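Novice: If you want the building blocks of each chain, they are given just below.
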Amino acid sequence: MLLWLFVMPFALANAEDPARPVTGSYRLEIGGMNARSTYLSPLKYSGTSVGASGEWRKSFQKNPENLVMTFSGAVNFEDMINTPGSARMLGADAEFNWGMAYRTRLPKDFQITAGGVVDINGGALYLTRNGNNPVSVNAWAGIDLTASASWHFTLGKLPILVSENVKLPTLGAFFCPGYGETYYEIYLGNHKGLAHCGWWGNHFSISNFLCLTLDFGRTAMELGYRYDYRSSSANNLVTRTSRNSFVIGVIPGGIGLKKKNNINSALY
Amino acid sequence: MTRYIYSFLIVLMLGLGCFLTSCQDVPDYKDTPQGNFDALADIVGQRYCYFKEKGINWDETCARYRSRVTSDTKQLDLFNIMSSLLDELKDGHVNLSSRFSTSYYRKWWSDYPQNFNLRTLQQYYLDFDYMQVNGMSYKMLPDSIGYIYIPSFSNPISESSLDYIFAVLYGVEKAKGMIIDIRNNGGGLLTNINTLVGRFIDKEICGGYIRHKTGPDPDSFSESYKITYKPADSNRIRYIGPIIILTNRSCYSAANNFVAVMKSLPNVRICGSRTGGGGGLPFSSELPNGWAIRFSACPITDSEDQATEFGIDPSPGYEVDCTDEELAQGKDAILDFAIDVYRRVFEEADKKNVTYTLPRR
Chain A
1 MLLWLFVMPF ALANAEDPAR PVTGSYRLEI GGMNARSTYL SPLKYSGTSV
51 GASGEWRKSF QKNPENLVMT FSGAVNFEDM INTPGSARML GADAEFNWGM
101 AYRTRLPKDF QITAGGVVDI NGGALYLTRN GNNPVSVNAW AGIDLTASAS
151 WHFTLGKLPI LVSENVKLPT LGAFFCPGYG ETYYEIYLGN HKGLAHCGWW
201 GNHFSISNFL CLTLDFGRTA MELGYRYDYR SSSANNLVTR TSRNSFVIGV
251 IPGGIGLKKK NNINSALY
Chain B
1 MTRYIYSFLI VLMLGLGCFL TSCQDVPDYK DTPQGNFDAL ADIVGQRYCY
51 FKEKGINWDE TCARYRSRVT SDTKQLDLFN IMSSLLDELK DGHVNLSSRF
101 STSYYRKWWS DYPQNFNLRT LQQYYLDFDY MQVNGMSYKM LPDSIGYIYI
151 PSFSNPISES SLDYIFAVLY GVEKAKGMII DIRNNGGGLL TNINTLVGRF
201 IDKEICGGYI RHKTGPDPDS FSESYKITYK PADSNRIRYI GPIIILTNRS
251 CYSAANNFVA VMKSLPNVRI CGSRTGGGGG LPFSSELPNG WAIRFSACPI
301 TDSEDQATEF GIDPSPGYEV DCTDEELAQG KDAILDFAID VYRRVFEEAD
351 KKNVTYTLPR R
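First to last, the protein sequences are chains A and B.
FYI, my numbering numbers position 252 of the first sequence as 252, with every residue one higher than the one before it.
FYI, my numbering numbers position 34 of the second sequence as 34, with every residue one higher than the one before it.
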């Protein structure tokens, strides 16, 4: 799979058609995180977050001018303390997205997209001092709406792509224990009321990724900022997390702006 | 035109999402003496599970103590006021933890006879010569009675340790009866109860029920969920013979739960004094100043769905107390009673040449 992802940027589907390379981005994300889960504590926890993510994008074969296919995955780890500094909370989460977007190329090198992804993500906040309710598990499986806007220009001889990506989980299902339910009871087999239908009214999240891609030809570098807000409310419990991360990434093979190859890129 | 539609949709999504998110209520308390007191009152008021059983009017109780809190109340004084408030719950599962102290309601055991002395047991009954594994002590007592002392359920009890204990007592030394002594066992992991009970049953049993709060309203509880216990795997050693469990007031929480489950078995008698209770599975939370609070949140009842919070009584006819003087002289009346029951049962069974069973009184 990984080999395919690396090889694909250089493969041609049809000698007459422009190539549709897979643009693979590999990123490291470092920043701050705030979390509050009333299942664990009414207090807000703040700290650092580190993560790694990858995203693979490609113009879709059936309609390469207008359809873009995306697959992405990410893992994050958090280390936080509460405001008085008396307790520590650790967090970990992972997510996988696959989706399609409809693209419109606009004049003056602008591009906008709108679409949707299948989003599966899960994680946990672990409050180290708690006994029978030490963990707040967060899990979501559903459909997210996505939108993006990008514009590329040249600064000196360096092609640069500026892009803004928004992802909005919209309909799906998420996990939430009962108000006073312990994981021991769940372990015993009582799974009633754990899964909830999610929509913006009880599960509002938004992910915002602003990125500057510098295309050096054989490789491209990404510098970006990601804001990730997640909240859920069910069974009289509220969980909210917000993460601000600086992102640095690399795209092996570049994005094709520098080489001016005849490609149909998913990015512009 | 398309771009305007996209822009409109994005702005609409963000606006609606922000509006809906702001509707979600998260309590925000100030880190002041009154703010911390109010946080404690609300957390316990909304999540504690035994107000009804204990006849406590929490709002009225809090009002009495809150009048003692002012903006000038010092940390130590605030801690003492809060601790006194929590003592009104008369619950050993309730603690307030600060950097300088942890409050603890002790009267559930300090107001009762101890009925146990470890030194007496080790010196006069075990002769300082017993086997020990996984925190459990065991020995074959005279008259072929297997004896196991389990002082705590804090650490996981391993299946292999139980196999060795049972193999030594019942495979090698051919014990005919079993005494499980859990006096002074303050509880620990509930999963240990599943491990232990599985060794004494040959079919699945209902050992109790568990409920949880479904909301902040005092009467919001889930339906009772049956707690079932399954026999240990067939490759494990099980014991289905007569068992006498020795208890005192200091048997609490998971130990109390163990007694409640075992008491429902026909071959088991509970001997000694009433256990300390602690039938509520505790939950944890925090106050704005960083202090931690722990309280009973999920009531666990016995196999007949009766409360276990106030302790489990010994089996009828098996109520025994020992005085401190007797214990100091090397006499453990509770253990003596259990040994005596077995002796008489064995004699009776031998005379009639029948299988021995423990008497009900």
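Hints were generated in silico from the structure; no laboratory data involved.
This structure is a prediction, so every number in the text was calculated from the model and none was measured.
Treat the hints loosely; a few may be bogus.
[Unchecked claim] Simulated coverage check for chain A against chain B, where a stretch passes if three residues somewhere in it have a Cβ under 8 angstroms from a Cβ of chain B:
| id | stretch |
| --- | --- |
| 1 | 22–32 |
| 2 | 83–92 |
| 3 | 95–102 |
| 4 | 219–228 |
| 5 | 243–254 |
[As the list claims (entries may be wrong)] Over 10 angstroms on every C-beta distance to chain A, these chain B residues come out as not near it, computed from the model:
| id | residue |
| --- | --- |
| 6 | D31 |
| 7 | K52 |
| 8 | I56 |
| 9 | T61 |
| 10 | S101 |
| 11 | A167 |
| 12 | L190 |
| 13 | K203 |
| 14 | I205 |
| 15 | I210 |
| 16 | L281 |
| 17 | R294 |
| 18 | T323 |
| 19 | D336 |
| 20 | E347 |
| 21 | D350 |
Cβ atoms here follow ideal geometry from the backbone N, Cα and C, with glycine treated the same way.
Novice: Each of the hints needs a verdict: does it hold here or not?
Specialist: Status of the hints after comparison with the structure:
Counting residues of the stretch 22–32 of chain A whose CB lies closer than 8 angstroms to any CB of chain B gives 0, which falls below the minimum of 3, so the coverage claim is violated. Beta-carbon proximity to chain B at under 8 angstroms applies to 5 residues in the stretch 83–92 of chain A; the threshold of 3 is reached and the given coverage holds. Taking a C-beta to C-beta cut-off of 8 angstroms, the stretch 95–102 of chain A contributes 0 residues in contact with chain B, too few for the three needed, and the coverage statement is violated. Restraint check on the stretch 219–228 of chain A versus chain B: 0 residues with Cβ-Cβ distances below 8 angstroms, three needed, restraint violated.
For the stretch 243–254 of chain A, the stated coverage by chain B is violated: 0 residues have a C-beta nearer than 8 angstroms to a C-beta of that chain, whereas at least 3 were required. At roughly 7 angstroms from the closest C-beta of chain A, the C-beta of B/D31 falls inside 10 angstroms, breaking its exclusion from the interface. For B/K52, the non-interface assignment is confirmed: its Cβ lies about 15 angstroms from the closest Cβ of chain A, beyond the 10 angstroms cut-off. The beta carbon of B/I56 is kept farther than 10 angstroms from every beta carbon of chain A, the shortest such distance being approximately 17 angstroms.
Distance to chain A confirms B/T61 as a non-interface residue, since its nearest Cβ pair spans about 20 angstroms, more than 10 angstroms. Even its closest Cβ contact with chain A, about 14 angstroms, leaves B/S101 beyond 10 angstroms, as expected for a residue assigned away from the interface. Every beta carbon of chain A lies more than 10 angstroms from that of B/A167, the smallest distance being close to 29 angstroms; the non-interface claim holds. Not every Cβ of chain A is farther than 10 angstroms from the Cβ of B/L190; the closest lies at roughly 6 angstroms, contradicting the non-interface assignment.
The beta carbon of B/K203 sits about 18 angstroms from the closest Cβ of chain A, which is more than 10 angstroms, so the claim that it is off the interface holds. Distance check on B/I205: its Cβ is at least 14 angstroms (rounded) from any Cβ of chain A, clearing the 10 angstroms threshold; non-interface status holds. With a closest Cβ-Cβ approach of about 5 angstroms to chain A, B/I210 is found to fall inside the 10 angstroms limit, against its non-interface label. A Cβ of chain A approaches the Cβ of B/L281 within 10 angstroms, the least distance being about 5 angstroms, so the stated non-interface status is violated.
Against the 10 angstroms criterion, B/R294 falls within the reach of chain A, whose nearest CB is about 7 angstroms from its own CB. Distance check for B/T323 against chain A: the nearest CB is about 36 angstroms away, which clears 10 angstroms, and the non-interface claim stands. No beta-carbon of chain A comes within 10 angstroms of the beta-carbon of B/D336; the shortest separation is about 37 angstroms. Every Cβ of chain A is farther than 10 angstroms from the Cβ of B/E347; the closest lies at roughly 43 angstroms, confirming the non-interface assignment.
Against the 10 angstroms criterion, B/D350 stays outside the reach of chain A, whose nearest CB is about 43 angstroms from its own CB.
Against the hints set out earlier in the document, violations occur for numbers 1, 3, 4, 5, 6, 12, 15, 16, 17.
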